[in-house]
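*Asks:* In case you want the letters, here they are:
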Amino acid sequence: MRSFWSITLATLTKDIRLEWRSKDALNAMLFFSLLVVVIFVFSFDPLAEESRHIVGGLVWVAFLFAAVVALNQTWARELRNQVLDAYRVSPAPANALFLAKALGNFVLVSLLEALMAPLFVIFYNLRVLGPAWQLIPVALLGTWALVVNGTFFAAMSLRTRSRELMLPLLLFPVSIPAVLGMVAGTTNILTGESPAHFYIVLLLTYDVVFTTACLALFETVLQAE
Amino acid sequence: MKRAFPILAVLTAFFLVYAFYQALWVAPTDALQGDVYRIIYYHVPSAWTAFLLFFINFIASVQYLANARPSTARAAKWIVIAIGIIGFVAPFIPQVKQQLPIGMYPSSVATMFLIITGLYFVIGKYFVDQNLDVLAVTTAEVGVVFCSIVLVTGPIWARPVWGIWWAPGDIRLTSTLVLWLIYVSYLVLRRFSDSAQTQKLAAVLAVFGALDVPLVYFSIWFFRTQHPQPVIGGGGSMDPRMLHVLLISWMAFLCFAFLVCWSRYRLEKLRREVEEAEALESLLEPAGLAGPSSVVKTPLSRGSK
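Residue numbers (our numbering), protein chains in the order written: chain A, 425 to 649; chain B, 170 to 474.
The set of hints was computed from the structure by calculation and includes no laboratory data.
Possibly wrong hints are sitting among the right ones.
[Claimed, not checked] Which residues of chain A face chain B? A few of them, derived with a C-beta cut under 8 Å, are: (1) Trp499; (2) Ala500; (3) Arg501; (4) Leu503; (5) Thr584; (6) Arg585; (7) Ser586; (8) Leu593; (9) Pro597; (10) Val598; (11) Gly605; (12) Leu628; (13) Thr629; (14) Leu641; (15) Leu646; (16) Ala648.
Keep in mind the model is a prediction, meaning the values are calculated, not measured.
Here a beta-carbon is modelled for each residue, glycine too, at the ideal position from N, C-alpha and C.
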């Protein structure tokens with residue numbers, strides 16, 4: 425039997441290769457978040473000073489919605505041809521599959537953020553007043569917080585009617601502290617009024633708690649049929 | 170057991186009327202807020218009851234997940250015992266004692282941990298397997314109702330006293346709202362799930378929700394200390410007569426919640442029995458086992474329990 429990490433890596437590379445060849449989820453996400461950004465630009469026309477206070481919220485709302493588009497696709501591919509059933513009967517550890525899926529989504533959503541963030545800077549004439557490098561840990565930890573729970577709840581909503589609708593209904597309430605951490609952290613960095621350290625610690629705690637919970641309970645969810 | 174139900178119902182009705190009388194006529198009027206404060210006798214008991222019910226839901230869900238395998242059941246048992254011992258001893262250690270908020274005694278914290286541990290074992294003793302899940306769905310539904318009462322009476326009280334309907338940065342308001350949202354999503358999951366393993370998925374979601382609540386509390390706590398909100402009352406000491414009425418009111422609400430939970434529990438048990446009986450009938454009929462002469466005894470046809 426192959427080791428845990430080689431199975432994770434194999435699943436991850438398979439997913440990324442498939443995504444790279446089809447670009448289904450990525451294109452849908454990019455266009456979706458572009459639309460959200462444009463609608464926000466029409467809805468709010470703030471001054472530079474005001475925009476620093478609200479952009480943190482706008483950015484993360486756009487990414488949250490776009491991430492849901494990607495997360496809904498996570499397991500859809502495995503449902504065709506009963507691939508998920510094959511996973512269930514295989515001796516491969518369930519958590520290897522989960523980690524691979526979560527990491528795949530993480531790569532996808534991070535790529536989206538890297539492409540979309542410059543648009544916000546252009547549309548809202550942003551200039552960061554605080555320590556800009558702290559945006560990187562906030563973005564990475566925040567993305568992981570969304571993606572790890574999103575992958576888990578996407579697996580859970582596989583067994584429900586109107587699956588695509590269920591994911592945000594399950595994901596958003598649990599994500600509230602993470603969203604608060606991301607938004608408040610980003611706003612603090614943009615305005616430079618107060619330090620964002622607490623929010624980085626909060627996001628880190630959230631990530632550790634929920635990654636552990638997901639890994640502990642994923643097998644139960646995968647086997648539930 | 171069944172005969173106790175109407176007796177308890179009548180007692181609860183009397184108790185609720187008595188609490189209502191105490192709240193409106195016996196309790197003294199608040200010096201600052203006037204009569205409007207009397208909504209506290211409905212707001213606070215509902216909140217305590219809702220939190221208690223959600224906590225029972227969490228314990229039932231953990232038990233349900235842990236009982237899937239004997240090894241995890243044993244591990245969970247020892248973890249709970251360890252939490253109980255640490256929680257009982259820790260408040261008396263001087264370093265920890267200083268960290269406790271003002272007005273909270275170490276002995277009360279220790280008692281709370283003892284009750285939590287006890288509750289885990291009591292529920293584990295009297296509810297097994299599917300009954301744990303029935304208990305979980307019952308407490309979640311009734312808890313959402315009580316939590317809704319809290320969220321409706323809160324703004325009604327806040328408007329005349331604080332001048333605003335809702336304080337977005339307040340710790341208790343926000344965590345109650347998030348708790349309500351989590352449990353509504355829990356009920357939605359139960360309703361929409363197709364799988365025969367809905368119970369397991371729901372139990373997993375309940376555990377996630379319980380993990381979420383301390384994080385919400387923690388995040389808002391910092392958020393608020395950064396942006397102080399002077400409108401939020403709280404703290405201070407309460408007139409003992411008011412506290413007395415508040416506790417009477419809470420007892421009445423607990424009785425009411427118990428009554429509703431009991432009836433919902435029985436309903437859910439019956440619903441499952443009917444489902445099982447229907448499944449059994451549809452299995453037996455095509456095979457020709459249920460001929461006209463041999464009437465299948467389904468659980469439905471049994472006498473009153």
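*Asks:* Now look at each hint and say whether the structure bears it out.
*Replies:* Hint by hint, here is what the structure shows:
| no. | hint | in the structure |
| --- | --- | --- |
| 1 | Trp499 | violated (14 Å) |
| 2 | Ala500 | violated (16 Å) |
| 3 | Arg501 | violated (20 Å) |
| 4 | Leu503 | violated (13 Å) |
| 5 | Thr584 | holds (4 Å) |
| 6 | Arg585 | holds (5 Å) |
| 7 | Ser586 | holds (7 Å) |
| 8 | Leu593 | holds (5 Å) |
| 9 | Pro597 | holds (4 Å) |
| 10 | Val598 | holds (5 Å) |
| 11 | Gly605 | holds (6 Å) |
| 12 | Leu628 | violated (11 Å) |
| 13 | Thr629 | holds (7 Å) |
| 14 | Leu641 | holds (5 Å) |
| 15 | Leu646 | violated (11 Å) |
| 16 | Ala648 | holds (3 Å) |
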